[in-house]
Amino acid sequence: MNGSSGDLKRMIVGLLTLAIITILGGLIINYLLFTPKQRDISLEYIVNISPKEGETPKNLTVYLPFPHHEGEPVERVLETMKELDEKYPKEQAGDIQLVDTKHGKMLKLFFPVLENGWGGNGCAGFDEPYRNNPPPLESKYPLEPRFEVTTNELGEPISHSWIYLDYEGGTGIALASRYWIRDRWKMPISWHVSGRDFWVFPGTDNPPEETVQGRNIGRTGNPVEVEINGNGWIKIPVFGG
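Each residue of the sequence shown is one higher than the one before, starting from 1 at the first, in the working numbering.
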């Protein structure tokens, strides 16, 4: 009896040990292979400016909201916009810089003559250590200035910002803009994609439905172009944040 009892105890201890080893092994494998280690964040900021039909604005100055991080403009986005601007013919290129305004630091574009339109695409990427429950991307990399955050009739986020126009020889410009943010969780054997696109639609609180659907299924569609009329500071809606 004592021998049988001892064998049973040893068997139970062995099974428990095996179960513990299996559980620990599974946890270690899950940590090494499936737990995200790094967060990869990509920003894309697009601006297209065109003259209104039949007009050729001169000495055009435009201030636009710009991506920020920890209270400062994302310089890398500005640098890539300048790199693209250098590919334009000299007479079509813009003067691009960040300036202090009464609403904070904003993107300034200046064109002696805007005849054929201009487009700039600024990109930036960031890596940061993974952590549970990271803050939402729109709070880490907001488009500034931004205020009056609310929702539109579709339940989509709407806030407001400012742009500034000063020009001669016209009544306004055609402007299209988009700000796209995406993050990926880096894992040893795969990527986990999350985040979403953030679109900017100056001039409308309710962007076209087909564009909203395009945003929801990925980076499809183009920024919506709207006419911005008048001079001075103009309050605009910002869709998606």
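Source of the hints: derived by calculation from the structure; they are not laboratory data.
What you are looking at is a predicted structure, and each value in this text was computed from that prediction instead of being measured.
One or more hints might be untrue.
[Said to hold, decoys possible] Derived pair list, reagent style DSSO-like, types lysine-lysine, alpha-carbon separation capped at 27 Å:
hint	residue 1	residue 2
1	K140	K52
2	K140	K108
3	K235	K105
4	K235	K52
5	K235	K140
6	K37	K58
7	K87	K37
8	K90	K52
9	K102	K235
10	K108	K82
11	K52	K82
12	K82	K37
13	K87	K108
14	K108	K37
15	K102	K87
16	K102	K58
17	K102	K90
18	K58	K105
19	K58	K108
Now the hints, each set against the structure:
The suggested pairing of K140 with K52 is violated, with an alpha-carbon distance near 35 Å, which exceeds 27 Å. About 22 Å separates the Cα atoms of K140 and K108, which keeps this hinted pair within 27 Å; it holds. With a CA separation close to 16 Å, the supplied pair K235 and K105 stays within the 27 Å bound. Between K235 and K52 the CA atoms are separated by roughly 20 Å; this keeps the pair inside 27 Å, and the hint holds.
For the proposed pair K235 and K140, the alpha carbon gap of about 23 Å is at most 27 Å, so the pair holds. Distance restraint check for K37 and K58: the Cα-Cα separation of roughly 51 Å exceeds the 27 Å cut-off, and the hinted pair is therefore not satisfied. Annotation: proposed proximity of K87 to K37 is violated, straight-line Cα distance about 38 Å (limit 27 Å). With a C-alpha separation of about 21 Å, the suggested pairing of K90 with K52 holds against the 27 Å cut-off.
The hinted pair formed by K102 and K235 meets the criterion: a straight-line CA distance of about 14 Å does not exceed 27 Å. A distance of roughly 12 Å separates the Cα atoms of K108 and K82; the hinted pair therefore holds under the 27 Å criterion. At roughly 24 Å between alpha-carbon atoms, K52 and K82 fall within 27 Å of each other, so this suggested pair holds. Restraint check: the Cα-Cα separation between K82 and K37 comes to about 33 Å, which exceeds 27 Å; the hinted pair is violated.
In summary, the hint linking K87 to K108 is supported, as the alpha carbons are separated by about 19 Å, within the 27 Å threshold. Between K108 and K37, the direct Cα distance comes to roughly 38 Å. Violation of the 27 Å bound is thereby established for this hinted pair. The straight-line distance between the Cα atoms of K102 and K87 is roughly 32 Å, outside the 27 Å bound, and the hint therefore fails. Restraint check: the Cα-Cα separation between K102 and K58 comes to about 24 Å, which is no more than 27 Å; the hinted pair holds.
For a cut-off of 27 Å, the pair hint linking K102 to K90 is broken: about 31 Å separates their Cα positions. A threshold of 27 Å between alpha carbons decides the hint, and for K58 with K105 the separation of about 24 Å falls inside it, so the pair holds. A hinted pair counts as satisfied when its Cα atoms are at most 27 Å apart, and K58 with K108 qualifies at roughly 15 Å.
The structure shown violates the earlier hints numbered 1, 6, 7, 12, 14, 15 and 17.
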